[in-house]
Amino acid sequence: MKDIMRVKSLISSDIETLLNQQIKKEALSSSIYLSMASWCGRNGYDNSADYFFKQAEEERMHQLKFYKYVLDMGGMAISPEVTNIKLEYNSFREVFEEALEQEISVTQSIKNIAARCHKEHDYVTLEFLNWFFKEQREEEFKARRAVELFDVIGEEGTGRWQIDKHVGQIVYTEG
Amino acid sequence: MYINKVQYMQKTAIASPIHFEEVFSTKKGSIYQSDSEYCWYVDFAGKLARFDYRNLLKLQKAVYAIDIEHILLTSDKSADVEIIFICACDHCYVLSLIEIIALKELLQGAFVMLELNHIIQDRLFRLAA
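The listed protein sequences derive, respectively, from chains A and B.
Per this note's numbering, residue 1 is the first one in the first sequence, and the count goes up by one each step.
Per this note's numbering, residue 176 is the first one in the second sequence, and the count goes up by one each step.
So here's chain A without its partners, still in its complex pose (with noise of 0.2 Å):
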């Protein structure tokens, strides 16, 4: 008897649903950044609403990493739909422990499907992950720091203006 689940796809079913449960965090992700440029660009934070722009086009760019994955691994990439978005903050600080909370959960829930690859001894999908755990040292890290420059500068006087000047350099070196 041929062994048609494994010729269809190399992902079994399992690890299929939880990358399109990815799929559908890093277009939440994407959202919620948009929003969140909006909402700088409004009250007038340009520089971080540009950091926030570019971070919705990353999240966006991860989301479709992980649907061409699946498809190319014979699965069934789900587009997922977006729903409830935030459009109100309540204060600039607000916005970035926001994202940084963002980051932590998508980290959190690449090292669950990581984790789901061990059992089943899918290192071609584990592989395939590293690239995103890479990423996401770089993501939290700038995302970490933005928070920190509310307290290393602080909000006083002009801090504000100085935390939205300094969101844009904030650089991820490798050590």
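Everything labelled a hint here was simulated from the structure, so no lab data went into it.
Just so you know, these numbers come straight off a predicted model, no measurement behind them.
Ideal placement from N, C-alpha and C gives every residue a C-beta, glycine not left out.
It is possible that some hints are incorrect.
[Unchecked claim] Just the calculated beta-carbon pair ranges, DEER-fashion:
hint, chain 1, residue 1, chain 2, residue 2, range
1, B, Lys-279, A, Tyr-172, 47 to 57 Å
2, B, Ile-295, A, Leu-10, 17 to 27 Å
3, A, Asn-84, B, Ala-254, 25 to 35 Å
4, A, Ile-78, B, Phe-300, 26 to 36 Å
With chain A's structure known, arrange chain B on it following the hints.
Using the frame of chain A, we list chain B on its own:
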């Protein structure tokens, strides 16, 4: 002329038979695999339905998603039937709770057997030195 045509049809029918192999069966139904067509035939609830790879997975997902315990415990007056409709698939099942339990058992068994077949194929042919 007519007889010849019938004979021809019989010949072609004999020449290309579809080979089924039983994957798993219970008292209530069976699932067969056709290697030549790369599909499965599910014999359940009085009909034989053909499922390709993608649709079999959709059927599994749809059946596994039914919360049997919830239906058992609920006391509202809704009918005791579930409609299993799979997108882009010709078949649809309208099943009672007992039948859902039986179909779930059949699918679970079949997927275990397919997994076992995968392991056997690995061990015998793919990993053999």
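Outcome of the hint check:
Judged by the Cβ atoms, the range 47 to 57 Å given for Lys-279 of chain B and Tyr-172 of chain A holds: they are separated by roughly 49 Å. A C-beta distance of roughly 19 Å is found between Ile-295 of chain B and Leu-10 of chain A, which places it inside the suggested range of 17 to 27 Å. The hint said 25 to 35 Å for the Cβ distance between Asn-84 of chain A and Ala-254 of chain B, and at roughly 33 Å that hint holds. For Ile-78 of chain A and Phe-300 of chain B, the Cβ-Cβ distance of about 33 Å falls inside the hinted range of 26 to 36 Å, so the restraint holds.
The structure meets every hint from the earlier list without exception.
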